[in-house]
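Numbering (numbering that gives the first Met the number 0), first residue to last: 0 to 295.
FYI, nobody ran anything at the bench for these hints, they're computed from the structure.
Certain hints may be false.
[Claimed, not checked] Simulated crosslink set (DSSO-like; lysine-lysine; CA at most 30 angstroms straight-line):
1. Lys-124 / Lys-242
2. Lys-272 / Lys-221
3. Lys-97 / Lys-110
4. Lys-222 / Lys-124
5. Lys-99 / Lys-242
6. Lys-13 / Lys-142
7. Lys-161 / Lys-13
8. Lys-124 / Lys-142
9. Lys-97 / Lys-139
10. Lys-221 / Lys-242
11. Lys-222 / Lys-142
This structure is a prediction, so every number in the text was calculated from the model and none was measured.
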Amino acid sequence: MKVLPFTIPVPHDKTIIVQRETLPSFYPHLHRHAEVQITRVREGHGTLLAGNSMHPFGPGEIYVLGVNLPHVFKSSTEYFEDDSDLTIEALTIFFDPKGKMSALFDLPEMKAVQLFFEQWQCGFKIPAAGYIFFSSLIDKVEKSAGASQMAAFIEMLHMMSKVDGLQPLSTVNYAQPLTDPEGVRIASVYNYIMHNFSTPLTLDEVAQQAHLTPNAFCRYFKKHTRVTFTAFVNKVRVNQACKLLVSSNYNSIADVAYNCGFTSVTNFNYVFKNVTGRAPRDYVNEYERELKIKPR
């Protein structure tokens with residue numbers, strides 16, 4: 000298991016890092032870094048774990064992750080099958096507002112942008128309606144150099160700070176980094192849950208991953224995630240259920256429930272509605288309606 004702290008390699012003559020990746024899967028380890036991260040997903044799907052929350056991700060989406068926000072774009076299981084020929088494609092921009100760019104963000108003209116990114120430390124997703132517009136700005140940053148790249152970068156940040164209706168990716172603010180021991184412990188717990196949610200997880204076995212008693216683990220987990228262990232596991236399972244439901248790769252609602260670790264359909268229906276606000280069948284129907292009206 001990788002330790003949470005992660006260093007982005009920064010060339011001596013760069014303050015904006017642009018990284019384009021085409022790989023069999025996304026980087027698989029929970030990590031955090033001092034840079035703000037802006038990632039446009041071109042190909043690939045899975046689950047984004049950001050802070051204490053999970054979000055299904057797919058092509059045609061842009062995510063902004065704040066400084067020191069623990070995160071991992073976890074590719075779906077089919078990317079790791081032996082005969083898989085799937086690939087992911089993403090373009091990511093990194094910048095450190097407290098590093099070489101601190102002088103830029105201290106300028107009076109950049110005050111609104113600085114306050115915006117401080118306010119959205121928990122990260123956010125660009126609304127679907129803004130994907131094409133911000134993709135063009137990201138492309139402009141990638142394809143420019145020198146002062147032109149800096150101008151394109153400032154324009155991109157300025158336009159992001161004007162977007163309305165954003166929703167935080169995490170309900171916990173990680174402005175202050177976790178210590179290395181804390182990072183290793185919480186990363187181990189997250190990793191264990193993400194890989195074993197389809198089995199009957201018990202509090203005792205997960206507490207062992209953190210080398211804590213069950214009672215101490217419950218207090219520790221709630222302190223670091225602001226949700227209970229049960230609520231977190233339920234969100235992981237419902238997130239997977241959502242992906243299965245919209246993929247149509249299932250025989251029945253009961254199949255989805257049992258494949259995602261629920262022990263009864265009744266409990267699955269209750270938890271699913273509690274997390275998403277809709278019953279599983281209503282969720283599928285709404286998704287199908289959106290597909291029909293989505294412009295091609």
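To see whether the hints hold, each was checked on the structure:
Between Lys-124 and Lys-242 the alpha-carbon distance is near 18 angstroms, which keeps this suggested pair within the 30 angstroms criterion. Taking the CA atoms of Lys-272 and Lys-221, the gap is about 22 angstroms. The hint holds against a cut of 30 angstroms. For the given pair, Lys-97 sits about 14 angstroms from Lys-110 by alpha-carbon distance, which is consistent with the 30 angstroms threshold. A threshold of 30 angstroms between alpha carbons decides the hint, and for Lys-222 with Lys-124 the separation of about 25 angstroms falls inside it, so the pair holds.
Simply put, Lys-99 and Lys-242 have alpha-carbon atoms about 41 angstroms apart, too far for the 30 angstroms limit, and the pair is violated. Distance hint between Lys-13 and Lys-142 is fulfilled; the C-alpha atoms sit about 14 angstroms from each other, no more than 30 angstroms. Proximity of Lys-161 to Lys-13 is assessed by CA-CA distance (about 26 angstroms); at most 30 angstroms being required, the pair is judged to hold. Between Lys-124 and Lys-142 the alpha-carbon distance is near 23 angstroms, which keeps this suggested pair within the 30 angstroms criterion.
Between Lys-97 and Lys-139 the CA atoms are separated by roughly 24 angstroms; this keeps the pair inside 30 angstroms, and the hint holds. Our distance criterion of 30 angstroms between C-alpha atoms is met by Lys-221 and Lys-242, whose separation comes to about 27 angstroms. Simply put, Lys-222 and Lys-142 have alpha-carbon atoms about 43 angstroms apart, too far for the 30 angstroms limit, and the pair is violated.
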